[in-house]
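Got chain A sorted already, so can you dock chain B onto it with the hints?
Chains A and B are the protein sequences, given in the same order.
Under my numbering, think of the first position of the first sequence as 86, with each following residue one higher.
Under my numbering, think of the first position of the second sequence as 40, with each following residue one higher.
What the hints contain is simulated information worked out from the structure, not anything from laboratory work.
Idealized CB from N, CA, C, for every residue including glycine.
Watch out, some of these pointers could steer you wrong.
[What the hints assert, rightly or not] Label pairs and their computed distance ranges (CB to CB):
(1) H104(A) / P93(B): 31 to 39 Å
(2) H91(B) / G328(A): 44 to 52 Å
(3) M391(A) / D143(B): 20 to 28 Å
(4) D272(A) / L63(B): 16 to 24 Å
(5) R158(B) / G431(A): 27 to 35 Å
(6) E365(A) / R83(B): 32 to 40 Å
(7) C184(B) / R358(A): 40 to 48 Å
(8) R187(B) / K178(A): 43 to 51 Å
Read off the chains here:
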Amino acid sequence: MPVGELHARPMRINFGPSHPATHGTVRIVLDLDGEKILNADVQVGYLHRGFEKECESGHYYQNIPYTDRLNYSSAMLNNVGYCLAVEKLFGIKTPPRCEFIRVIAGEIARITDHMLCVGAMGLELAAMTPFLYLLEGRELALDLLDALCGARITTNYIRVGGVWADLPEGFAPFCRERLDRIAGLVDDAHRMLTDNPIFRQRLEGTGYLPAEELIAYGVTGPLLRAGGVALDLRRVQPYLVYGELDFDVPVGEHSDNYDRYLVRLEEIRQSRRMVLQCLERIPDGPVNADDPRIRWPRKGKVFNRMEELIDQFKLVTEGDLAPAGEVYAAVEGANGEVGFYIVSDGSGRPYKCRCRAPSFSNMQPLARMITGRMLADIVPTFDLINMIGGECDR
Amino acid sequence: MPVGVIKVARPAPTLAQRRPWLALLVGLWVATRHFFQSAFLFARGRQNFTVHFPEQRFLQPPAMRGMPVLVRMSNGKERCVACGLCEWACPTSCITIFPAETADGVERYPEVFDIDMSRCMFCGLCEEACPEEAIVMSRQVEIACYSRRGSLWHKEDLLVPRDQLQTRLDYLHRHYDA
Numbered sequence: 086m087p088v089g090e091l092h093a094r095p096m097r098i099n100f101g102p103s104h105p106a107t108h109g110t111v112r113i114v115l116d117l118d119g120e121k122i123l124n125a126d127v128q129v130g131y132l133h134r135g136f137e138k139e140c141e142s143g144h145y146y147q148n149i150p151y152t153d154r155l156n157y158s159s160a161m162l163n164n165v166g167y168c169l170a171v172e173k174l175f176g177i178k179t180p181p182r183c184e185f186i187r188v189i190a191g192e193i194a195r196i197t198d199h200m201l202c203v204g205a206m207g208l209e210l211a212a213m214t215p216f217l218y219l220l221e222g223r224e225l226a227l228d229l230l231d232a233l234c235g236a237r238i239t240t241n242y243i244r245v246g247g248v249w250a251d252l253p254e255g256f257a258p259f260c261r262e263r264l265d266r267i268a269g270l271v272d273d274a275h276r277m278l279t280d281n282p283i284f285r286q287r288l289e290g291t292g293y294l295p296a297e298e299l300i301a302y303g304v305t306g307p308l309l310r311a312g313g314v315a316l317d318l319r320r321v322q323p324y325l326v327y328g329e330l331d332f333d334v335p336v337g338e339h340s341d342n343y344d345r346y347l348v349r350l351e352e353i354r355q356s357r358r359m360v361l362q363c364l365e366r367i368p369d370g371p372v373n374a375d376d377p378r379i380r381w382p383r384k385g386k387v388f389n390r391m392e393e394l395i396d397q398f399k400l401v402t403e404g405d406l407a408p409a410g411e412v413y414a415a416v417e418g419a420n421g422e423v424g425f426y427i428v429s430d431g432s433g434r435p436y437k438c439r440c441r442a443p444s445f446s447n448m449q450p451l452a453r454m455i456t457g458r459m460l461a462d463i464v465p466t467f468d469l470i471n472m473i474g475g476e477c478d479r
Numbered sequence: 040m041p042v043g044v045i046k047v048a049r050p051a052p053t054l055a056q057r058r059p060w061l062a063l064l065v066g067l068w069v070a071t072r073h074f075f076q077s078a079f080l081f082a083r084g085r086q087n088f089t090v091h092f093p094e095q096r097f098l099q100p101p102a103m104r105g106m107p108v109l110v111r112m113s114n115g116k117e118r119c120v121a122c123g124l125c126e127w128a129c130p131t132s133c134i135t136i137f138p139a140e141t142a143d144g145v146e147r148y149p150e151v152f153d154i155d156m157s158r159c160m161f162c163g164l165c166e167e168a169c170p171e172e173a174i175v176m177s178r179q180v181e182i183a184c185y186s187r188r189g190s191l192w193h194k195e196d197l198l199v200p201r202d203q204l205q206t207r208l209d210y211l212h213r214h215y216d217a
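Only chain A is shown next, with the shape it has when bound in the complex (with noise of 0.2 Å):
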């Protein structure tokens, strides 16, 4: 029935900012008539923090801890994003033992991101169970961050010109069996939630909008790649040794929100054959380059010898004296292209340290894909682009 005939003004409601659903703070202002959305206004920024202005008074080794709490569902990939970025300014190559330990730190804690926004998509769809399944499933993967770097989730792991750790004893077997029992436990909420009738008719047709949109809006990421193009950072240019690697990239096709499901559910798994295949060809070797401009000596020398120890205190209150340039790095995050751009004036700090951050970007077009919805499309819409607050609103 029309809005004028029951002499009633389209009803304006707050979704958000405190919403069960829109976990991360985000505020979507809705004009409703009855349960159609009419128009949809969301306001990001609620969890603002001064990320990129806090950086430029940290030396660079500093702004690793904040970093992790960009997208703190896997806080590895922006560690590893922002220590590229600072690593092509320095012009330094990392060596081949470094890379795969980090490829197989970020693809774990990619494990984590998708079986969280799966689950948690699933839960604010009332399927309680898959949600129960795949956190065990992300306690287990987090598990294995923990033996790696020694906290669950704010990892500070990566550091510039390598990573703060070795391989812990026995992680190889560790992580064989722990990924077997997340891959178990992936196919379980597969079970229950792919087939199931009603989170089909939730989920198919909606949050629909065609590839070009999203390419205009600037998205990237599993959204992107559920409506059809396969721009995946790891294979259109491959970092790390992502070149070295067999995987695939799974694509969609109808860009809608049960595609955008199916690409993440393939991306755990895609992500579990790399982190296998790294397992299997890591090659021994040191994992920190050997650069003193930028990494610390080591502590065995520092207390036993001058020079390391001059070294150890140069670098620490200096800060690394980055040469004087700009340079931007990108990663594929858990939601699309995690960049930093960083000035250097040539000081131990940043000048300037921009976050192109994946969920500001993904948030761009979620107005476009509610309006002319109904209202109970906006949840899995929403959780499917996974907006992470820390990171969107930095």
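Same frame as chain A, but now just chain B:
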């Protein structure tokens, strides 16, 4: 190695689509299997997954980064020589050190060594910067307190005997001296 592109297979509307109770059965089957797996493990005294905190503790790996503490040597003194490198390295400036001099062989010691745990983010950069192995990340994470003053830890609270930190020190030595 060329990277392939695969199209995610959207399952054709299956039998479960036309018979919703079939989907229900599949879901029930998966959930029941999980239930009996957990029940079986529980009956044998092994939890599948849940850890009953605080009666049971999570088994932490050697790499575990808890709160930073100061190492107390066997003579009861701190190992720290108040060089201030951890203060420099700390991204959140949560460490405050006032150095002082002593007639001992080490010559310097921290008169005040405070860590504001409400600002500390357990990143471990202080430990990495320390040239004396005097500040290390312990396995302690249960540091909740009732007031803001309670989250300011002084030197006396932070000192931990060296043998209690052996796991962490062994872990660090593994790749510091390699």
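**Prompt:** Where does the structure disagree with the numbered hints, that is, which hint numbers, in rising order?
**Reply:** none
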